[in-house]
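Novice: For reference, the chains in residue letters:
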Amino acid sequence: MQLITKHFGTIEIEESGIIDFPDGIPGFENSKKFIVLGDGDESSPFKWLQSVDFPELAFAVVDPFAVKKDYDIEISDDVLKQLEISSLKEVLIYSIVVVPEDLSKISMNLIAPVIINTRTKKGAQVVLDTDRYGVRHYILEELRRQEEMDNACFDKKEEPIHCYK
Amino acid sequence: MLVLTRKKNQSIVINDNIEITLLDIQGDQVRIGISAPRSVSVHRKEVFEEIQAENRKAAEIGNVSLGGLLKKTAKDGENK
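In the order they appear, the protein sequences are chains C and D.
For the first sequence, position 26 (counting from the first letter as 1) is numbered 26 according to this note's numbering, and the numbering increases by one without interruption.
For the second sequence, position 35 (counting from the first letter as 1) is numbered 35 according to this note's numbering, and the numbering increases by one without interruption.
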């Protein structure tokens with residue numbers, strides 16, 4: 001089918017790629033259908049979460065694990081049931097990204113990841129029951145921290161616990 | 001707003017299918033148990049409002065190239 005998108009104009013999409021968001025996305029509860037679009041660069045952890053109902057609505061999303069390797073989330077039984085998740089292999093997890101004018105302040109929402117079941121084509125933005133994460137994690141800062149941690153693993157004296165995970 | 005007074009372990013039933021129980025009271029903190037059908041979403045108000053606001057901000061995104069985002073941000077970071 002043809003879809004009018006915010007960033008790519010009118011494109012041809014496979015209907016099988018459309019994900020149902022029965023509750024919409026908080027703040028945009030009326031948009032019930034989305035599709036994940038890349039922009040051709042497969043190596044980029046960023047994707048678009050494009051609304052199928054409203055062409056002008058699209059979120060940049062990022063694979064949170066690409067930015068924060070130790071991102072640790074627990075998906076509640078309610079969410080597993082709601083999205084009919086039976087295997088983690090069928091699950092995609094994205095964080096919604098805010099891109100402000102100052103690009104160095106680009107941030108991602110880690111307390112409310114978008115969880116998609118690729119088998120049942122159901123998705124939801126889920127609020128995690130934790131105070132470890134918030135709505136705004138600066139991606140550059142996280143990447144820098146990540147790099148420091150990676151470097152620390154080469155230093156045997158330090159032996160940080162995460163190196164053995 | 002309807003205001004009811006409840007003691008610990010007492011409940012309120014809304015619409016026959018939502019039950020709110022006062023589990024514990026300690027100082028100015030109250031633990032509340034909610035049993036409701038899955039179709040009813042329950043959120044801490046301030047967290048939910050924060051997420052709505054952040055999503056609205058995220059939706060204001062202009063025409064940017066996703067592939068360039070990290071490269072650009074990384075470069076900006078180096079310059080700082």
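None of these hints come from the bench; they were simulated from the model.
Keep in mind it's a predicted model, so treat the numbers as computed, not measured.
Please note that a few of the clues may not be correct.
Claimed, not checked - Label pairs and their computed distance ranges (CB to CB):
id, chain 1, residue 1, chain 2, residue 2, range
1, C, T118, D, Q29, 37 to 43 Å
2, D, N17, C, D77, 15 to 21 Å
3, D, Q29, C, E74, 30 to 36 Å
4, D, A36, C, D72, 50 to 56 Å
5, C, R145, D, V42, 30 to 36 Å
6, C, S76, D, E19, 18 to 24 Å
7, C, E141, D, E46, 32 to 38 Å
8, C, D150, D, R56, 32 to 38 Å
9, D, H43, C, S16, 46 to 52 Å
10, C, L80, D, H43, 14 to 20 Å
11, C, E74, D, S41, 37 to 43 Å
12, C, K81, D, I25, 27 to 33 Å
13, D, L2, C, D72, 37 to 43 Å
C-beta atoms are modelled at their ideal positions from N, C-alpha and C, and glycine is treated no differently.
Novice: Look at each hint and say if it fits the structure.
Specialist: How the hints compare with the structure:
no. : hint                         : verdict
1   : T118(C) / Q29(D): 37 to 43 Å : holds (40 Å)
2   : N17(D) / D77(C): 15 to 21 Å  : holds (19 Å)
3   : Q29(D) / E74(C): 30 to 36 Å  : violated (23 Å)
4   : A36(D) / D72(C): 50 to 56 Å  : violated (28 Å)
5   : R145(C) / V42(D): 30 to 36 Å : holds (33 Å)
6   : S76(C) / E19(D): 18 to 24 Å  : holds (19 Å)
7   : E141(C) / E46(D): 32 to 38 Å : violated (24 Å)
8   : D150(C) / R56(D): 32 to 38 Å : holds (35 Å)
9   : H43(D) / S16(C): 46 to 52 Å  : violated (31 Å)
10  : L80(C) / H43(D): 14 to 20 Å  : holds (18 Å)
11  : E74(C) / S41(D): 37 to 43 Å  : violated (18 Å)
12  : K81(C) / I25(D): 27 to 33 Å  : holds (31 Å)
13  : L2(D) / D72(C): 37 to 43 Å   : holds (41 Å)
Hints 3, 4, 7, 9 and 11, counting from the list given before, are not met by this structure.
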